[in-house]
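K.L.:
Turn these sequences into a full structure, and let the hints guide you.
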Amino acid sequence: MHKIVDNFFENPHEVREIAIDLFKKNHSCILNDDADNYPGIRVDVPENIKNFIYSYLTDKCGCEIKKFRCDFCITSGVHKIGLVHRDKLPFAGLIYLNENAPEHSGTI
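Taking the working numbering, the leading residue of the sequence shown gets 2, the next gets one more, and so forth.
Mixed in with the good hints, there may be bad ones.
[As the list claims (entries may be wrong)] Simulated pairs of lysine-lysine, BS3-like, Cα-Cα distance not exceeding 30 Å:
#	residue 1	residue 2
1	LYS89	LYS67
2	LYS51	LYS67
3	LYS89	LYS4
4	LYS68	LYS89
5	LYS51	LYS61
6	LYS68	LYS51
7	LYS68	LYS4
8	LYS25	LYS61
9	LYS26	LYS4
10	LYS89	LYS61
11	LYS67	LYS4
12	LYS26	LYS68
13	LYS26	LYS61
14	LYS25	LYS68
15	LYS51	LYS4
16	LYS61	LYS4
Simulated from the structure, these hints should not be mistaken for lab results.
These figures come from a predicted structure and were not determined experimentally.
P.N.:
This is how it looks when you write it as structure tokens:
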């Protein structure tokens with residue numbers, strides 16, 4: 002089952018700026034990713050944003066989520082198509098914060 006929620010954040014530009022600031026603070030170059038199981042780099046999402054997402058999901062699901070992980074991730078064009086994979090947990094989600102994303106981009 003897939004569910005698309007448009008306009009998830011009331012302030013997506015502010016959330017995006019927080020993410021960009023965290024990437025700049027924690028990484029000198031976004032091309033210097035060293036993870037062996039995903040392309041790009043990740044940083045932790047601040048607790049207030051993570052709590053908002055968690056609360057939204059538990060409210061919509063009507064149940065407690067026992068395993069919850071939340072990261073900002075950035076992947077540059079050098080990676081082309083990213084990494085094709087399936088998550089091992091039964092649920093996964095993405096929130097895109099791209100400005101002016103090119104057509105035919107995202108997740109398939």
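K.L.:
Determine for every hint whether it applies to the structure shown.
P.N.:
Hint check:
Only pairs whose Cα atoms come within 30 Å are accepted, and LYS89 paired with LYS67 is accepted, the gap being roughly 14 Å. This hinted pair checks out: LYS51 and LYS67 have alpha carbons roughly 14 Å apart, not beyond 30 Å. Proximity of LYS89 to LYS4 is assessed by CA-CA distance (about 19 Å); at most 30 Å being required, the pair is judged to hold. At most 30 Å may separate the alpha-carbon atoms for a hinted pair to count; LYS68 and LYS89 meet this at roughly 12 Å.
Distance hint between LYS51 and LYS61 is fulfilled; the C-alpha atoms sit about 15 Å from each other, no more than 30 Å. Of the pairs offered as hints, the one joining LYS68 and LYS51 holds, with about 13 Å between alpha carbons and a cut-off of 30 Å not exceeded. Pair hint LYS68 plus LYS4 holds up; C-alpha atoms about 19 Å apart against a cutoff of 30 Å. Taken as a hint, the LYS25 and LYS61 pair is broken in the structure, with Cα atoms around 33 Å apart against an allowance of 30 Å.
As the CA atoms of LYS26 and LYS4 are separated by approximately 33 Å, the hinted pair breaks the 30 Å bound. Between LYS89 and LYS61 the CA atoms are separated by roughly 22 Å; this keeps the pair inside 30 Å, and the hint holds. About 20 Å separates the Cα atoms of LYS67 and LYS4, which keeps this hinted pair within 30 Å; it holds. A distance of roughly 27 Å separates the Cα atoms of LYS26 and LYS68; the hinted pair therefore holds under the 30 Å criterion.
Pair hint LYS26 plus LYS61 does not hold up; C-alpha atoms about 34 Å apart against a cutoff of 30 Å. Of the pairs offered as hints, the one joining LYS25 and LYS68 holds, with about 28 Å between alpha carbons and a cut-off of 30 Å not exceeded. Restraint check: the Cα-Cα separation between LYS51 and LYS4 comes to about 19 Å, which is no more than 30 Å; the hinted pair holds. A hinted pair counts as satisfied when its Cα atoms are at most 30 Å apart, and LYS61 with LYS4 qualifies at roughly 11 Å.
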